[in-house]
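Trainee: Below are the chains, spelled out letter by letter.
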Amino acid sequence: MWQTPVMLPAFPQTEMPGENPYFPATGRLFPVITGLGCLSPLGCDVPSTRVALKEGRDGISPVQLFSVDTFQSRTAGQVPSEFETLFEKTQAAGAGCSRAGKFVFLAMREALASRPGFVPEIVVAGTTSGGMDFGESFFRGLNSGMTQRAARRRVRGYVPQQPVLDAMEGFGFDAPVRIVSNACASGTNALCLAAGLVRSGRAKRVMALGFDALAELVFAGFDCLRASTTEKCRPFDSGRTGLALGEGAACFLIEALDDAPRESVRASVAGWGFANDNHHLTQPEPSGTGPRLSMERALSDAGWTAGDVDYINAHGTGTLYNDSSEAAAIRSVCPSAPVSSTKGMVGHALGAAGAIEAAFCILAMEEGFLPPNINLRETDSGLDIVANTARPARLDRALSNSFGFGGSNATVLLEKCP
Amino acid sequence: MTPVSILGVGCVTALGRKWETVWERIRDGETPEREAVRGPGCHVPVGVYKTALPDVPSAAGARLRRSGPISYFACAAAADAVQQAGPLPSARTALVFAATDGAVTYTRRFFEEVVERGAGSPLLFPETVYNAPASHVAAMLGLDGIVLTLVNDSGAGMDALSTASELIHSGMADRCLVVAAEELDGVSSEGYRRWKLAMPAAGFQKGAVLTEGAVALVLGPPSPAHVRIDRVHPGGILRRHSTARETIRRILGELAAGETPDLAVLSASGAWPGVVEESLVRECFPESRLLSPRRFAGEAFVVSSLLQCLCAWQELRLKRAGSAIVPVLGWSAQFRGAFLTGPSG
Numbered sequence: 001m002w003q004t005p006v007m008l009p010a011f012p013q014t015e016m017p018g019e020n021p022y023f024p025a026t027g028r029l030f031p032v033i034t035g036l037g038c039l040s041p042l043g044c045d046v047p048s049t050r051v052a053l054k055e056g057r058d059g060i061s062p063v064q065l066f067s068v069d070t071f072q073s074r075t076a077g078q079v080p081s082e083f084e085t086l087f088e089k090t091q092a093a094g095a096g097c098s099r100a101g102k103f104v105f106l107a108m109r110e111a112l113a114s115r116p117g118f119v120p121e122i123v124v125a126g127t128t129s130g131g132m133d134f135g136e137s138f139f140r141g142l143n144s145g146m147t148q149r150a151a152r153r154r155v156r157g158y159v160p161q162q163p164v165l166d167a168m169e170g171f172g173f174d175a176p177v178r179i180v181s182n183a184c185a186s187g188t189n190a191l192c193l194a195a196g197l198v199r200s201g202r203a204k205r206v207m208a209l210g211f212d213a214l215a216e217l218v219f220a221g222f223d224c225l226r227a228s229t230t231e232k233c234r235p236f237d238s239g240r241t242g243l244a245l246g247e248g249a250a251c252f253l254i255e256a257l258d259d260a261p262r263e264s265v266r267a268s269v270a271g272w273g274f275a276n277d278n279h280h281l282t283q284p285e286p287s288g289t290g291p292r293l294s295m296e297r298a299l300s301d302a303g304w305t306a307g308d309v310d311y312i313n314a315h316g317t318g319t320l321y322n323d324s325s326e327a328a329a330i331r332s333v334c335p336s337a338p339v340s341s342t343k344g345m346v347g348h349a350l351g352a353a354g355a356i357e358a359a360f361c362i363l364a365m366e367e368g369f370l371p372p373n374i375n376l377r378e379t380d381s382g383l384d385i386v387a388n389t390a391r392p393a394r395l396d397r398a399l400s401n402s403f404g405f406g407g408s409n410a411t412v413l414l415e416k417c418p
Numbered sequence: 001m002t003p004v005s006i007l008g009v010g011c012v013t014a015l016g017r018k019w020e021t022v023w024e025r026i027r028d029g030e031t032p033e034r035e036a037v038r039g040p041g042c043h044v045p046v047g048v049y050k051t052a053l054p055d056v057p058s059a060a061g062a063r064l065r066r067s068g069p070i071s072y073f074a075c076a077a078a079a080d081a082v083q084q085a086g087p088l089p090s091a092r093t094a095l096v097f098a099a100t101d102g103a104v105t106y107t108r109r110f111f112e113e114v115v116e117r118g119a120g121s122p123l124l125f126p127e128t129v130y131n132a133p134a135s136h137v138a139a140m141l142g143l144d145g146i147v148l149t150l151v152n153d154s155g156a157g158m159d160a161l162s163t164a165s166e167l168i169h170s171g172m173a174d175r176c177l178v179v180a181a182e183e184l185d186g187v188s189s190e191g192y193r194r195w196k197l198a199m200p201a202a203g204f205q206k207g208a209v210l211t212e213g214a215v216a217l218v219l220g221p222p223s224p225a226h227v228r229i230d231r232v233h234p235g236g237i238l239r240r241h242s243t244a245r246e247t248i249r250r251i252l253g254e255l256a257a258g259e260t261p262d263l264a265v266l267s268a269s270g271a272w273p274g275v276v277e278e279s280l281v282r283e284c285f286p287e288s289r290l291l292s293p294r295r296f297a298g299e300a301f302v303v304s305s306l307l308q309c310l311c312a313w314q315e316l317r318l319k320r321a322g323s324a325i326v327p328v329l330g331w332s333a334q335f336r337g338a339f340l341t342g343p344s345g
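Residue numbers (this note's numbering), protein chains in the order written: chain A, 1 to 418; chain B, 1 to 345.
So that you can see chain A by itself, here it is in the shape it has in the complex:
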């Protein structure tokens, strides 16, 4: 499947037969990932995450960040507190970053360190809540005599672009920033749009990010919708009771294969597909129309068939409706591919989820295993679930799904480089 030549025929999507009538075929370049950074409840960097992912470690723990006394759910996936120590040792220490801003900085730092000399022309980031902790703090401060300076800092830090702008300042580069906020598909959307800029030749070096930090408002939101579980998060289990929230960040450096140092290439972004289902603001369409379209469009975009997919990292939140709808879509598109949701280990990191899970796919491809779907007792999904322990496997091609409120569906295909 992997080809060294970089020019591909233009626009081979099945839903648009023939050449785009409006523009000359300009050819496409192979976008490859040459730098990777990742923080999640499994660890504060790529090496520790890789070990924990293979072990199938449960990263869900009692929430420490704020009081959960009034909520039904009490647990979440939290990035280990050592990230604070790591951040304090960096050049950005003391910059007054939000929690999300620290995640962004550390993920960016690890990615840039893994590909020296990479300076992005543009940054595409996905997030749902940006610096929400600053927003909460501003709101509470209104009633408690907050100083003008404190107010300004919180308002400025609350907006979703600010964590990225702050982190870039720490590294001394100023690239234009594009923020995607497509609910829980944001991280995958950002990775795909970033790869698209490289594939079309519009940019040579692009940084993609997904980030979100646990926040009280968001925790309350999922809790009051009764989407959060009060026990363990069990994706695809017949007795699943809901999701656990998570947090983290992942950063990818993307460039064209032709321009990339061969030794830095980690994986290619082989294709992607987006779809929108207009069923309901929070509930997926039961038969899985949106996820199915999204996966079909991705396969078509990459020129893959269902049999080419070695592994599916499912969105798999552990809610009743998501998992049944996604399982229906997978049964219809890739019925024989092994599937796991890693959200049982790390929780649902919302806008960061797609990026973190794409990073997991790359780590699994590099190590030759399929990440486990932990906490599974029995499944009625009709899928080949990688139950509870990692499965050794040759993994060359992975499909990762992300779906979100508003009917957002996104699928990215990642391919191992020879």
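Quick caveat, the hints were computed from the structure, so don't treat them as lab data. Careful: at least some of the hints might be erroneous.
[To be verified] Coverage of chain A stretches by chain B, computed from C-beta distances (three or more under 8 angstroms per stretch; other residues unrestricted):
#, stretch
1, 208-220
2, 248-262
3, 402-412
We put the CB at the ideal spot given by N, CA and C, even for glycine.
Fit chain B to the supplied structure of chain A, relying on the hints for placement.
Mentor: Positioned in the frame of chain A, the structure of chain B alone reads:
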């Protein structure tokens, strides 16, 4: 960027909903009536231009019954733009929605009622996400293809135009509906007042008058019969005073690409960043006619940046200008812009 044509427009503003009326009022320098909003714990009311909730097509009605104003604004503007542009192919039309503040009223209500008091409707929460308005617009129009929401300061409007061009150029869409929408709330208005960017309700001080509404554009491949967006600059960040002027000058030069625009539609709205922008546009393009619609229509971030494009579109389609530059200086110190040209026929 590959050029795209503007095939249809729609807007919902404090100056009105019918574009011709809005344009006449901007051209004549009319401003809406200023009202005061005050958030919880806020002692100084902020002056704003409120926008009446618009009628929306019945197809949007059921979905919107629990939505905040931003979704009404977005659906109404989108419906008007689509009506002008003609029917859209559902799977081949992308929707790119842009916002700066997003659903601030429901976010504030959810925080007050559910997080702080522990009692409130859980149905508020899904409406707080940035992409909720896009979801309603897509459902109203039956769009099941690419639906994206972009967030940033005013420059997100320019990002949306760039993204639309990329989607059309890459063959992923035949048409792209770009919608920007914002709504007002006491808490967010107070935030901008404390940032010294928004004007208090009493008196006239430095600062912008905040407003709300939506603008929608239907974009398609370039055609000689329509106004074209030729270039959108991805932008630059203005970190330091010492280099900001040089960065703006460079971006303006790259946007114009050697041409002298007949018209410059500025983003200045009365807050301090606009002063820098205006002086540099005057310096770079001394012969260009200047227009500052935000001074009259108010500051609604991404909505205002697309409203600038609408003003340029108006002058270009009526051939009162052959080309126009639209600089956008956002409040996160990011500078972007667009360059438009008139129909060639």
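Trainee: Could you run down the list of hints and mark each one as holding or not?
Mentor: Results for each hint:
1. Check on the stretch 208-220 of chain A: 3 of its residues sit with their Cβ under 8 angstroms from a Cβ of chain B, so the three-residue criterion for coverage holds.
2. A stretch counts as covered by a chain when three or more of its residues have a beta carbon under 8 angstroms from one of that chain; for the stretch 248-262 of chain A and chain B the count is 0, and the coverage is violated.
3. Counting residues of the stretch 402-412 of chain A whose C-beta sits closer than 8 angstroms to any C-beta of chain B gives 5, which meets the bar of three, so the coverage hint holds.
Hint compliance for this structure: hint 2 is the single one not met.
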